[in-house]
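*Asks:* Listed in order, the protein sequences are those of chains A and B.
For the numbering used here, count along the first sequence from 1 and bump the result up by 96.
For the numbering used here, count along the second sequence from 1 and bump the result up by 4.
Bear in mind the hints are in silico, worked out from the structure with no lab data behind them.
It should be emphasised that the depicted structure is a prediction, and the values quoted were computed from it without experimental measurement.
Possibly wrong hints are sitting among the right ones.
[Unchecked claim] Which residues of chain B face chain A? A few of them, derived with a C-beta cut under 8 Å, are:
1. 52
2. 54
3. 55
4. 57
5. 58
6. 59
7. 61
8. 62
9. 63
10. 90
11. 91
12. 94
13. 97
14. 98
15. 100
16. 114
[To be verified] Okay, the calculated bits of chain A under chain B, using three or more residues with CB under 8 Å as the criterion:
17. 162–169
18. 197–205
19. 226–239
Glycine included, every Cβ here is placed at the ideal spot set by N, Cα and C.
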Amino acid sequence: MDLISSKQQISSYIIDSQEEEIKRIALELHEGVGQNLYSILTGLQFVETGIKEPHMKNHLREMSLLIEKTIQEIRLLSVELHPPALTTLGLLPAVKNYIKLYTSTFGILVDLESDGDERPIPERKRIAVFRVCQEALVNIAKYADTSEVKMNFYWNENELKINIHDFGKGFQPVEPKDHTSSSGLAAMKERMYLTGGEFTISSKIGEGTSIQISLPF
Amino acid sequence: MTELNEHPAVIEICNQLKTLVSCDFVGLALQNVSGPDVRWHYAAGNLNDKYKRITVRFGKGVAGKIISSGSPMILENFPNEIIGKVTDHPIMLAENLISSYAVPLFFNGVPKGVLLVGKREAYTFTETEQKLVDESAHTLEHLLKAHIIL
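Make a model of the complete structure from these sequences and hints.
*Replies:* Here it is in structure tokens:
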């Protein structure tokens, strides 16, 4: 029993350390590299106003556009790593922001509905739930072969419940001992378990896959 | 750029290419008029309309890498032997493509578009097929020149 508890503590420690590092890199990209590139872009645009030769002007414009693309990619990368909304605004706004990025990346529409009033969740748990939702959506893009996803948040007195249903091809759930094909799902389950929550998945070929997440307050 | 529906010649070239190369999918991505975004503006042989909502990420996936490098790219057996993550290749996932050959479209010497042909099976596009794609890309560059901000 002690061994299990110790293993869980180690898992929690590793996950928390990784999240801290991810957050640091995301912030560094956004506030450091991103801001520097923005300063370069502003400088180039200023230089462009003083140049008369059309070919040089054109060249500068292309360089500005390239920097603009790089800034955009840095910003997206930073948000993908650790969405600032998760820390500042909460779980639901962070998921809503991620869905916009998800649709523009994979072309899959996500219909999100939230019932009840959003309640404050400690940051560690908030990150865990967000990561599990993120992983679920990425798995849908990889395997489900679908164009739409339905996501429901239910905020109750004592717990938050989230249902995610794709309308994809579904799959035959494997036995728990088949670790190779289900390690991603096992990791999602473990992550929810470590936060005191639960994770269940059900799927039927031709009818899609459903994921249920619950987190007690 | 203006909608491609207003340019039947462009659509005709994409459709012809699909027949000539005997592929399952042809996609044309172009940089938007405002901002640096690159989107898939036309597809032939598509299974769904996901391509319409995909914004190509600079430097990521087939189209993003082509736009950033200006070089053609071949995938023979996706997702095997790819650089980066599977999810960095959204058009391959969205259309269930296993193999593809894609080339850049240059406007004023700068890559601002991508022409991609793909199959839903492992395949190596022959030199003749690659040449057909290259030629179609050149024709599209001429046709679309006036509609891309230079």
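*Asks:* It remains to establish, for every hint, whether it holds in the given structure.
*Replies:* Okay, the hints, checked on the actual structure:
no. : hint    : in the structure
1   : 52      : 5 Å, holds
2   : 54      : 3 Å, holds
3   : 55      : 6 Å, holds
4   : 57      : 4 Å, holds
5   : 58      : 4 Å, holds
6   : 59      : 4 Å, holds
7   : 61      : 6 Å, holds
8   : 62      : 4 Å, holds
9   : 63      : 6 Å, holds
10  : 90      : 6 Å, holds
11  : 91      : 6 Å, holds
12  : 94      : 5 Å, holds
13  : 97      : 6 Å, holds
14  : 98      : 5 Å, holds
15  : 100     : 7 Å, holds
16  : 114     : 6 Å, holds
17  : 162–169 : holds (count 5)
18  : 197–205 : holds (count 7)
19  : 226–239 : holds (count 3)
Going down the numbered hints, you'll see the structure goes against none, and every one checks out.
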